[in-house]
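**Student:** Given chain U's structure and the hints, the job is docking chain B with the ligand onto it.
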Amino acid sequence: MTKPDRNGFFGEFGGSFVPDTLMPALHELEVCYQKVKQDPSFKMELSELLAEYVGRPSPLFYASRLSEKYGYSIYLKREDLNHTGAHKINNTLGQILLAKQMGKKRIIAETGAGQHGVATATVCALMGMPCDIYMGAEDIQRQALNVYRMKLLGAQVFSVNSGSKTLKDATTEAIRDWMKNVEHTHYIIGSALGPHPYPMIVRDFQRVIGKEAKKQMLEKEGRLPHHVIACIGGGSNAIGMFYEFIDEKDVTLLGVEAAGEGLNKKHAASLTKGRPGVLHGSLNNLLQNNDGQIEIAHSISAGLDYPGVGPELSYLKSIDRLKVQAVTDKEALSACSIVSKCEGIIPALETAHAFAVLSKKNLFKKGDIIALCVSGRGDKDMETFREHL
Amino acid sequence: MSIYNQDISNIFKKKKALIGYITLGDPSVELTYEYGCTLIENGVDIIEIGMPFSDPIADGPVIQASHQRALSTNEDVSLRQAFKLITKLKKRFPKTPIVIMTAINLVIQYSVEKCFKDAKACGCDGFILPDCSIEMATDYTKQARKAQISLIHLISPLCSSSRLKKIVNASEGFLYLISSTGITGERDAFATNLSHIIKSIKAVKDIPVAVGFGISKPDHVRDIYSFADGAIVGSHLIQVIAKHKDKNKTCEALKKSIKTLLKT
Ligand SMILES: Cc1ncc(COP(=O)(O)O)c(C=O)c1O
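Heads up: the protein sequence lines correspond to chains U and B, in order.
For the first sequence, position 345 matches number 345 in the numbering used here, and the numbering has no gaps at all.
For the second sequence, position 79 matches number 79 in the numbering used here, and the numbering has no gaps at all.
By construction, these hints were calculated from the structure, which means they are not laboratory data.
Note that the Cβ used here is the ideal one computed from N, Cα and C, for glycine as well.
Incorrect hints may have been included.
Stated by the list, open to error - A few chain B residues that face chain U, going by a derived Cβ cut-off under 10 Å, partial list only:
#1 Asp55
#2 Ala103
#3 Val107
#4 Leu154
Next comes chain B alone, as it looks inside the complex:
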């Protein structure tokens, strides 16, 4: 439940949500726009724009390589550019929530208050800061609330119940439950206690929970939809984008991937 983010809560009210991650500027900012459109037109409900960072500690090799590709193009892949991209996407899809996933350093260097304010102005719905533990989040939570931006926290299966409570209470929009310990990227097994964790979360607050890290197969999505509110797909899409050089072929392949993932 979100007070100021009606778009995010509307999505989860209607159905299970598929959330798609793409890296800003991989292979170019223009194509990030195109691929974002393709994702939305083919069933992705929420877009996560990943900010390329030189040293992504939470990401696996696939997303790290994607960040390096984006950084090596010499195109501007800063938050300013992300805000421009979001403005453009929102013009075409005003109801689709778009959130930014970024290393906290980019936010700090932009200046926290200004960052959330500018984000809000372009229609951005939320931020995911994977390297901001709840212990560090107090000031960011305050600034985000002030700007009416949802701070979407990550929560790992190892989280203790007292920390879980703090994280849930500080979260807006939805919660990002990590499927297992480790970094982003495809994997075979998820933690076995996910549905139990979701129950603990809902006991604290009625907030949608999406599960991410390593989701690449229709079975995964079906499984996650049976106990969570949404599934987040990242590395799987990035691999599709990395594999195809041609724009039209990539769009076709993305379309096919989503259709396959959603086949239940």
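So that you can see chain U by itself, here it is in the shape it has in the complex:
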């Protein structure tokens, strides 16, 4: 299994490229995390909340009509059934418990689709902590319903107007807030991104997805799947789903990125089209120009609309352990329509990208067993569906 080295590197990727101001907080976070990770009472509190508040374990559902349509055995890992409707809460719950351990008094987070913002606002309400969320002005428009949800949950939402006005800029803004208030504020980053130890911590809190899926698969099929599929924004649901399978060499790991309007136009396919570089505290695959200026990503799904991807996935791709496909806005929309009608499950636009690879030729063989992570549900995307479908 992959582990970051002492400085937080997975191969050449990762690290903690941040101003000195943040280093004490990152050290504190790492020390606290290493300690509580072993602590039975912390583990107990987390697993109780995961069971009783989030509703874990999430089912591994055999999608019979989809299976019949495509000729594969398709199992769906139903993270969409979690409280708040996505995998994001696995991470925010773990991190708020960490924040409490560190005695932090305030929580900040960035959000793209608003799912991470909602999941953060939710656990802050649960723990009675003040919560400030940064969100790009464009995403605030695309995901108006989630903005309202965060406010209802008691969070303040700050609109970010710099750059592309999306997730990238919200993340920059959240880091800047953290720089100012680092002594009493914990930053709950929303994906397996950012400076060490975040990619490791987020992955560990999301690992439960793959752990459960593996066990459920063995119970149902008596064997491991041929393929495990997940969509990739920053990479948290993907690394969470993949992690337990990394050492299972017969299982293909297939990550799906957003090809937006097409790989030769505007897209968010940082693993397919990016180069290694530093953004938001770690060295990752990035969409950038020759000089190193970060390019503006595009995806119809706000949660995939980010020009980078976490270090561990960058690494797994570089050693060819991870296969990557890119899916356009159009293909994702059409997959969403198919899955809704076939299974009565309306996936999030992000998740629809994962479903879209089922329609691609030559990726799978007839009869292959597939486990696909349904990272979230589509409620938040109704406006977009209504406009495009």
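**Tutor:** Below, chain B with the ligand alone, put in the same frame as chain U:
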């Protein structure tokens, strides 16, 4: 004390140093040159050329906006351009140290070794890499030493004594002490333990220490000069440049700002 950078150590030997930050290409590369000259002619001892970056995590709204202005002009604002600008400034002011402040990604994409080599060739004296923590700096320190470029590290008031030692030992030229936690930009209060930190720094190595982030008033400069070797002014100058559209008026305003800051 610097082995290969005599210009930087000479400045600090003589007097307290005023260090001025300007963004490459805001509002144009040509005017960055003009404003650089104005700063030097009116009492700024060291020039910091800020490289515009799309996502500056250590900078406040003023400098971020300045970076965005520079990036939106469509002029070349790459490191290559910065090297050209430094060549030109050095021709006119051979003794004034010029350092580049940049997000590390621009250096990585240029190629680290080549970047420091080309920088040295144009007369650049040092680099400040605000998003390169000391834990990440080993390779950069090595390459910079090889090219005889000073790597000027930032150090925050929250820094632990063991990390402080590492940072000081890896630094050349001078050290950049951050006035308080947070990002660049004007502020009312500085951390209270700055002079204490400077004592800890000097106990490790005899290196000049300049204090930056939020310096905008003569009181600040006077205060900092009482315990540090230099003061760094960034957002304050950028605001002056942003406010005036006309070149001559901007030069006048910059001149006035520096004179005011240095009034003791
Ligand atoms: C439902 C859903 N899936 C996937 C993602 C992408 O994030 P990640 O790659 O971290 O799983 C998001 C992000 O907002 C999301 O809301």
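**Student:** All hints are to be evaluated individually against the structure, with a verdict given for each.
**Tutor:** Right, here's what the structure says about each hint:
At about 5 Å, the closest approach between the beta carbon of aspartate 55 of chain B and any beta carbon in chain U falls short of 10 Å, and the interface hint on this residue holds. Checking alanine 103 of chain B against chain U: minimum C-beta separation of about 7 Å stays under 10 Å; hint holds. Annotation: interface hint on valine 107 of chain B holds; nearest CB of chain U at approximately 8 Å, less than 10 Å. Among the interface hints, the one on leucine 154 of chain B holds; its C-beta lies about 5 Å from the nearest C-beta in chain U, closer than the 10 Å criterion.
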